[in-house]
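Engineer: Protein chains in written order, with the working numbering: chain P, 370 to 637; chain G, 1263 to 1514; chain Z, 149 to 467.
In short, the hints are calculated from the structure, not lab data.
Be a bit skeptical, because a hint or two may be false.
Only part of the chain G face toward chain P is listed, based on derived beta-carbon distances under 8 Å [stated by the list, open to error]:
| hint | residue |
| --- | --- |
| 1 | T1360 |
| 2 | I1472 |
| 3 | L1499 |
We treat Cβ as the ideally placed atom computed from N, Cα and C, and that holds for glycine.
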Amino acid sequence: MPANRRTRIGLRTVALGYLGLLLAFPVAFVFYRTFENGLGAIWDALTTPNAIHALELTLIMVAVAVPLNTAFGVLAALVIVRGRMPGRGFINAIIDLPFAISPVVVGLALFLLYGRQGWFGSWFLDQGIQIIFSTPGMILATVFVSLPFVVREVIPVLREIGTTQEEAASTLGASPWQTFWRVTLPAIRWGVAYGVVLTTARALGEFGAVSVVSGKILGETDTLPLYVEQRFQAFDLTGAYAASALLAAIALATLLLMTKLKPREAET
Amino acid sequence: MGIVTLYLSVIVLLPLAAVFAKAGDNGLSAAWDVITSKEALATLKLTLVVSLIVTAINGVFGTIIAWVLVRDRFRGKGPLNAIIDLPFALPTIVAGLTLLTLYGPKGPFGFSVAYTRIGVAVALLFVTLPFVVRSVQPVMMELDPDAEEAAASLGAGSFTIFRRVILPSLLPAILGGMALAFARAIGEFGSVVLISGNLPFKTEVASVFIFGQIESGGVSGAAAVSVVLLLLALVILTVFNGLSRWSLRHAR
Amino acid sequence: MIEVRDVTKHYNGFTALEGVSLHVPAGSLTALLGPSGSGKSTLLRVIAGLESPDGGQVLIDDDDATAVPPRRRGVGFVFQHYAPFKHMTVRSNIAFGLKVRKRPKAEIRERVDELLALVHLEGWANRYPAQLSGGQRQRMALARALAVQPRVLLLDEPFGALDAQVREELRIWLRRLHDEVHVTTVFVTHDQEEAMDVAEQVAVINEGRIEQIGSPRELYESPANAFVMEFVGPVTRLGDDEVVRPHDVSIETEPVSGGREALVKRVAHLSFEVRVELALDDGRDIWVQLTRAQAEELELEPGHIVWVRPMAGRLAAAV
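Produce the complete structure using the sequences and hints provided.
Structural biologist: Okay, structure coming up:
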């Protein structure tokens, strides 16, 4: 729109102002508060046994949820885009559900299934496997909320590249697996990469669902985000800020990766 | 195909079914009682109203930001584009703490939005910011400047051009983004939990209410309110997407 | 060789191929010629195994290939838009079929070098398809298809996406390649000039049915019906069921039996022919091609009334 200079500057100011107030300043201020007491305090706060355990637990969440959802994501994308059986549309719709459901409800749902009085809870407990208030439950929660990302990113890429490369591979003698591995996967790799980054960010930062399911037992079932809240409620602001700053730093690194990968994905 | 369905069923569908089942556990009337209890109604009302307001605000600002990102030219546009996704990348609890730090009682400003509905709104604005921007951006990039130039040559002013030429093309995307934003807002937990103080009847949102019910053993009640929330999300999503499709037809 | 027997293919109620039969002699170069939507690409894909027919058989070198998947048919396929593996170099593209068959590295290298020389892409081995021109990409696609020594080479509108000059060059090049390599080759095109120029045998397809199969000359001189006649060369329509070549029409200045009255509208002296545009008595516009000698003799001017009739023995079958 041939906007005159005044409109342009006006809109730019509005946009920058809004983003500044809402995003930039708060984040910058948290870093400021964090480093206010010096690096030593941060280091101490982050190296307490509980903090380290929280970090480890968070990393376990990610290490399990991301590969699972990536494999699922690529598979589901292939089914939805290339498949021919009915029910694909249904699957497509279901995959979006984690976006629409409150994390607390997710936690509730898992609690109802695998808790002591849940549908499967007693069976698992009899086998000696505790799901709720323990790591497996938290992993399930993390998998649920980070499910859609890889699928969503891979689907448009798969559509874009079309089937001719795969047909070519087939005429050249490649088996379905060879075709997937040598032709399809490399063609979608940037979509997968971007999806993985988003999945990881979500898995790292999940709070609500894991909150319900974990029982928040300090030192046992606290992930890093839960740890932040825990420290806050315990009036240990330094600890809370330190953990927050760590998570925020990871978030910014994630953003950086996203920026680098997005154009690669687009040019597929 | 089979694996996909199995995975989805186990991870997503089964848990959801459990929620619906539990809601009716003590009978429908008991569920209804919980849902219509004063506290529950208050949280549902608050959640609905604030979410709608926030969605509207971000609908406007999101469009403006998308315009600036696509049409404007200035140094630092790249980083600005990247930072839009921050609410997606940042854990919700950290977002909440961040906003509380700056706009709460210990912040540098004289005022505090902690324990207020404004605080709730600010948190929801934060987490729903990217939806409309990211929804509108690609559409805006595809816009054909010819139509706008034609309108300008016919004497239309900037605002008129925006209203009659640009907006209709963007409306489907804006509404679609708003739908996503709304769905996110009504379920939001982590970012609201710290800044709102969770005062019943004042700043308690539905997700916090549900959480409280779970912790205090009122699991069926929690399930009942959850079902209401899910249905609410479904209804509003359908409405928004319907509006989006309608505007798509009218844009041509 | 390829033998297609009575192949039928339906899509959602639409019949793409109906009872199609075709024999492609071993080592020959055959064109499938037809308008858009005629089913020619479908037929090619059925031969390749990329589509399965609803009825009928496909035999390749006397083996029944009907139920055999593409990767075991020994067909080389070249797509209209080349279908390059974008993330692989030219060399890797060409080597793909061999790598998939787990041939030893040395053998692959040698063969790829051979093919690169054959298609004149020697210096481009380590480039990516995106860095190649359209014509080069198509040559790469051909090399890739030939690498595994297919029994049959199939090309789907191979030059369709290229501009006119490149198309011509590649046409000549394809003929020469075929002379060298002698693989049974079938290519699909909607360009009759291309088909007539390159192929030894042309099969004309329309609406899922084969209209005629024959050498280019046979098709031109003895078309089986009006469709073939119209598709394969220019025609002049003298009536509802009279179709004739523009150079097979004689113009008389006196009424003749069997002739139609016509008004001369325009006489255009093109380089080697004279084109006379006329209006028939029923209002239809036609044109006739004369040699310069013929035109000189008739001394036609716009406004003249003349009589046109087909030359002896030169007609197509009724529409």
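Engineer: Does the interface hint hold: is I1472 (chain G) within less than 8 Å of chain P, judged Cβ to Cβ?
Structural biologist: With Cβ-Cβ at 5 Å, under 8 Å, it holds.
Engineer: Holds or violated: the hint that L1499 (chain G) contacts chain P, with Cβ atoms closer than 8 Å.
Structural biologist: Status holds, d = 7 Å.
Engineer: Could you check if T1360 (chain G) really has its C-beta closer than 8 Å to a C-beta on chain P?
Structural biologist: The hint holds - T1360 (chain G) has a Cβ within 8 Å of chain P, the shortest such distance being about 4 Å.
Violated hints for the displayed structure: none, as all numbered hints are satisfied.
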